[in-house]
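Line by line, the protein sequences give chains Z and A. Each residue of the first sequence is one higher than the one before, starting from 0 at the first, in numbering that gives the first Met the number 0. Each residue of the second sequence is one higher than the one before, starting from 0 at the first, in numbering that gives the first Met the number 0.
Just so you know, the hints here were simulated from the structure itself, not pulled from any lab data. Bear in mind that the values here come from a model prediction, so they are computed numbers and not experimental data. All the given hints hold, so there is nothing to weed out.
Think about it this way: if two alpha-carbon atoms lie no more than 30 Å apart in a straight line, the pair counts; the simulated DSS-like pairs of lysine-lysine are: (1) A:K247 - A:K204; (2) A:K137 - A:K69; (3) A:K77 - Z:K121; (4) Z:K121 - A:K60; (5) Z:K156 - Z:K169; (6) A:K112 - A:K71; (7) Z:K341 - Z:K16; (8) Z:K187 - A:K137; (9) Z:K121 - A:K75; (10) A:K112 - Z:K16; (11) Z:K4 - A:K137; (12) A:K27 - A:K60; (13) A:K71 - A:K204; (14) Z:K90 - Z:K156; (15) A:K126 - A:K137; (16) Z:K16 - A:K126; (17) A:K204 - A:K112; (18) A:K112 - Z:K121; (19) Z:K329 - Z:K341; (20) A:K247 - A:K27; (21) A:K126 - A:K140; (22) Z:K4 - Z:K329; (23) Z:K187 - Z:K4; (24) Z:K187 - A:K140; (25) A:K137 - Z:K16; (26) A:K75 - A:K27; (27) A:K77 - A:K204; (28) Z:K187 - A:K126; (29) A:K126 - A:K77; (30) A:K126 - Z:K4; (31) Z:K4 - Z:K16; (32) Z:K4 - A:K140; (33) A:K112 - A:K75; (34) Z:K341 - Z:K4; (35) A:K69 - A:K204; (36) Z:K16 - A:K140; (37) A:K137 - A:K204; (38) A:K112 - Z:K187.
Below are the chains, spelled out letter by letter.
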Amino acid sequence: MRFVKRMNYLQDIQLFKYHSTIGWYLILITAFLAAPLVMGTYWVSLLILIGINIIVALGLNLVTGYTGQVSLGHAAFFAVGAYTSAVLTGKFGVSFWLALPASGVVGALVGIVVGLPALRLKGLYLAIATMGFGFIIEEIIVQWEPITNGVNGLSIKRPSLAAFSLASDKHFYYLVFPIVLLSVLVLKNLLRTSSGRAFLAIRDSETAAESMGINLAVYKTAAFCISAFYTGIAGALFAHFMRFIGPENFTILESISFLVMILVGGLGSVHGSVFGAVFITFLPEGISLSKDYLPTFIGQQAGLQAAVYGLVLLLFIRFEPLGLYGRWLKIKFYFENFPFYKKDTFRKVRKFHRTQKQ
Amino acid sequence: MTKEKKECSFFQVTDLSIQFGGILALEKVDLEVQRGEVHAIIGPNGAGKTTLFNCICRQYKADSGRIYFKGKEVSKLKPHQVVSNGIARTFQNIELFTNMTVMDNMLLGCHSKRQTGFFSDLVFWGKAQNQEIEFREKVEKVIDFLDLQAYRNRLVGNIPYGAQKYVELGRALVMEPELLLLDEPSSGLNMEETQDLAFSIEDIKMDLGITIILVEHDMRLVVDVCDTVTVLNYGRLLAHGRPTEVVKDPEVVKAYLGEEN
Chain Z
0 MRFVKRMNYL
10 QDIQLFKYHS
20 TIGWYLILIT
30 AFLAAPLVMG
40 TYWVSLLILI
50 GINIIVALGL
60 NLVTGYTGQV
70 SLGHAAFFAV
80 GAYTSAVLTG
90 KFGVSFWLAL
100 PASGVVGALV
110 GIVVGLPALR
120 LKGLYLAIAT
130 MGFGFIIEEI
140 IVQWEPITNG
150 VNGLSIKRPS
160 LAAFSLASDK
170 HFYYLVFPIV
180 LLSVLVLKNL
190 LRTSSGRAFL
200 AIRDSETAAE
210 SMGINLAVYK
220 TAAFCISAFY
230 TGIAGALFAH
240 FMRFIGPENF
250 TILESISFLV
260 MILVGGLGSV
270 HGSVFGAVFI
280 TFLPEGISLS
290 KDYLPTFIGQ
300 QAGLQAAVYG
310 LVLLLFIRFE
320 PLGLYGRWLK
330 IKFYFENFPF
340 YKKDTFRKVR
350 KFHRTQKQ
Chain A
0 MTKEKKECSF
10 FQVTDLSIQF
20 GGILALEKVD
30 LEVQRGEVHA
40 IIGPNGAGKT
50 TLFNCICRQY
60 KADSGRIYFK
70 GKEVSKLKPH
80 QVVSNGIART
90 FQNIELFTNM
100 TVMDNMLLGC
110 HSKRQTGFFS
120 DLVFWGKAQN
130 QEIEFREKVE
140 KVIDFLDLQA
150 YRNRLVGNIP
160 YGAQKYVELG
170 RALVMEPELL
180 LLDEPSSGLN
190 MEETQDLAFS
200 IEDIKMDLGI
210 TIILVEHDMR
220 LVVDVCDTVT
230 VLNYGRLLAH
240 GRPTEVVKDP
250 EVVKAYLGEE
260 N
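With the sequences and hints as input, model every part of the structure.
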């Protein structure tokens with residue numbers, strides 16, 4: 000067991016509670032930096048995809064997990080980011096290094112537009128509204144042929160940095176990885192300040208949040224805006240990674256898969272976003288890898304992937320509502336309190352909640 | 000004493016009315032509170048006490064009437080601006096942020112004092128960091144004041160009800176208000192806790208110099224700590240005065256206990 004001696008307030012707001020944690024994270028970062036050197040191209044491209052999904056999951060977790068506004072329209076922000084970068088670099092010859100932030104900004108602006116109905120709508124209604132927004136964007140992509148090339152899609156070049164070309168997956172990895180790190184760091188920073196607490200406050204009680212002096216309109220819109228910025232950046236990276244995008248990349252299923260990511264990973268936690276993104280990106284690969292070992296009548300079923308998705312979600316919601324992050328906390332707790340762990344430590348106590356709030 | 004005379008209308012409500020459908024929840028209610036006073040609002044259930052609080056905090060929009068605080072019209076503010084003008088409140092059924100720690104809950108009270116924007120928060124360096132430390136110092140003072148040290152890092156949903164009430168009070172104190180609205184602070188507390196609460200209210204009044212308006216059903220607490228009392232019944236003002244006098248008022252007795260045959 001470890002105990003922290005709290006000597007000053009700065010200690011409370013550090014990202015890492017223990018010094019040794021910094022070491023572990025440094026080892027992890029080094030391992031990921033070295034990964035492309037030893038891994039095959041397939042695994043590196045999978046890592047890139049994971050990285051992109053992590054950025055989206057972080058953004059979505061901010062708006063859904065932290066602020067409590069369900070969004071089923073994140074594929075649309077993803078699409079906006081992807082197409083912004085694709086069109087800017089492809090049609091207008093803008094450098095990728097300008098197009099990348101631009102796609103974040105355009106995403107954020109669209110996020111503000113979507114955030115506005117969030118001021119009036121709650122829960123299920125907001126989910127439906129954002130879903131509708133997703134359909135609209137999908138339709139715009141299909142119809143606006145002069146810019147988006149409609150259903151035929153757009154092909155995109157990989158960027159280059161001065162003399163270095165980032166054409167190969169291994170090089171592209173070194174572009175995605177720092178951006179993922181930066182996204183995590185920025186979100187962590189935001190969450191430990193009053194802005195971050197304001198987001199959580201809105202999730203827990205809007206009435207109380209307002210009486211704390213939190214401007215609901217500003218903060219809800221800001222949550223959507225920041226979230227859409229993240230997703231837009233991820234979209235741009237996705238476009239340049241895939242080299243080809245079409246409307247079929249940004250369907251409602253994509254939005255749902257993002258939502259599943261944060262649900263499985265853990266709502267309202269940065270760790271959870273990362274775990275979820277890793278898990279959900281690996282899942283289809285794992286399924287296709289295990290296809291050969293499964294009995295034919297299961298392995299060759301057409302809807303196998305969707306069915307496993309559904310099953311995973313169902314099992315998580317039933318047995319581990321906190322997601323992978325909750326499981327992680329439990330494992331950590333077990334080792335931190337090694338001999339003292341009891342089986343019932345995490346058993347749920349049935350609570351009788353007040354049924355009615357004022 | 001001379002100071003009190005000068006600021007005769009520290010907080011004033013005039014002619015406040017609000018209607019929900021066909022029900023007149025408040026009808027031409029007047030209220031005046033002096034600086035440094037503890038003022039109680041009592042009345043039977045449904046008398047409009049909480050509605051009055053909600054109108055003051057702009058959660059409800061009053062149909063007519065004005066609310067002045069230190070000469071400034073509160074009824075023109077937006078709900079989130081009320082706090083920065085020096086009015087903080089607690090809720091009848093605790094409205095804490097259940098999934099956050101006691102510390103975080105109270106830190107949220109500092110929100111109206113924040114000086115940084117989103118961008119400096121993203122970087123979390125210099126100003127944002129110093130501000131965070133400053134907020135923590137402020138919260139620690141309140142934690143000391145209310146003896147909440149033991150609960151500092153616990154999730155608010157997991158601590159006893161009485162402590163939750165105190166956390167809510169603390170959260171309001173962190174806002175450094177000049178006027179504190181307490182909505183049934185003693186509901187759900189046992190005798191001993193209510194007694195402690197009476198001391199806390201005295202402390203808040205004497206040490207921090209905060210003016211308090213409280214809605215309360217516990218008459219003993221009202222008589223103990225309050226300087227003046229307003230009685231509401233069916234949204235109308237029934238009586239106003241010193242607690243000991245008001246309790247004897249035949250109208251009040253009628254409203255509370257029913258008529259004698």
